[in-house]
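Student: Knowing the structure of chain A, use the given hints to seat chain B on it.
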Amino acid sequence: GAGVSQTPSNKVTEKGKYVELRCDPISGHTALYWYRQSLGQGPEFLIYFQGTGAADDSGLPNDRFFAVRPEGSVSTLKIQRTERGDSAVYLCASSLLAGASYNEQFFGPGTRLTVL
Amino acid sequence: DQQVKQNSPSLSVQEGRISILNCDYTNSMFDYFLWYKKYPAEGPTFLISISSIKDKNEDGRFTVFLNKSAKHLSLHIVPSQPGDSAVYFCAASPNSGTYKYIFGTGTRLKVLA
Numbered sequence: 001g002a003g004v005s006q007t008p009s010n011k012v013t014e015k016g017k018y019v020e021l022r023c024d025p026i027s028g029h030t031a032l033y034w035y036r037q038s039l040g041q042g043p044e045f046l047i048y049f050q051g052t053g054a055a056d057d058s059g060l061p062n063d064r065f066f067a068v069r070p071e072g073s074v075s076t077l078k079i080q081r082t083e084r085g086d087s088a089v090y091l092c093a094s095s096l097l098a099g100a101s102y103n104e105q106f107f108g109p110g111t112r113l114t115v116l
Numbered sequence: 001d002q003q004v005k006q007n008s009p010s011l012s013v014q015e016g017r018i019s020i021l022n023c024d025y026t027n028s029m030f031d032y033f034l035w036y037k038k039y040p041a042e043g044p045t046f047l048i049s050i051s052s053i054k055d056k057n058e059d060g061r062f063t064v065f066l067n068k069s070a071k072h073l074s075l076h077i078v079p080s081q082p083g084d085s086a087v088y089f090c091a092a093s094p095n096s097g098t099y100k101y102i103f104g105t106g107t108r109l110k111v112l113a
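The listed protein sequences correspond, in order, to chains A and B.
Each residue of the first sequence is one higher than the last, beginning at 1 in the numbering used here.
Each residue of the second sequence is one higher than the last, beginning at 1 in the numbering used here.
If we strip away everything but chain A, and leave its shape as in the complex, we get (with noise of 0.2 Å):
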């Protein structure tokens, strides 16, 4: 597709389980993002990939959250042991490369989890 995309769309959990969410980021972008978005909060940085590797993984809230990107392209957010906080839109953005000029970020539509 042309764009980032993100599964599943919705995503509802019961707390203390164990959850993956999936990004599919615009072929050729190099650089991968995940943001949170809780409810009236704009989005807040959790993690960025240049290509396979974690380049900052300071806005992970805690040892339960993990992400990937074994081979460069698709990303998986994972959360264990989920907990009611956890709820929010989690959006994934991917750009042609990092650490360059006017480096615009494309955001997927998101995926909302809701922990029961």
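Rather than coming from a laboratory, the hints here were simulated on the basis of the structure.
Positions of the beta carbon are idealized from the N, C-alpha and C atoms, including for glycine.
If a hint is listed, it holds; no wrong ones were tucked in.
List of simulated lysine-lysine pairs, DSSO-like, C-alpha gap at most 30 Å: (1) K5/B / K68/B; (2) K100/B / K54/B; (3) K100/B / K11/A; (4) K56/B / K110/B; (5) K78/A / K100/B; (6) K100/B / K110/B.
Derived, one-sided and incomplete: chain A residues facing chain B with beta-carbon distance under 8 Å: (7) G40; (8) Q41; (9) G42; (10) P43; (11) F45; (12) D56; (13) L91; (14) E104; (15) F107; (16) G108; (17) P109.
Tutor: Same frame as chain A, but now just chain B:
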């Protein structure tokens, strides 16, 4: 501690008039600023950006103004159209090459026909 603030959660404007959305920031290291627009059930879409070496950047109906001394930027939309109704996020980063955007909380713009 909110480094990027959008103090107006909502704004209503008549079609054809000017919409002015405001954003304040606290970190003097920020020198690259962006505006994103977000429709319901969609991801944010890049609208316009400005580097700190400029005080104005224009793209069609959209103009962003930057006042570094006041740590304030604004987005002007002229003329406003009903299709502009969306949530607008201001974002900032320490330089144009960085990846970590700090977003404000957004302003919901409603353009009335």
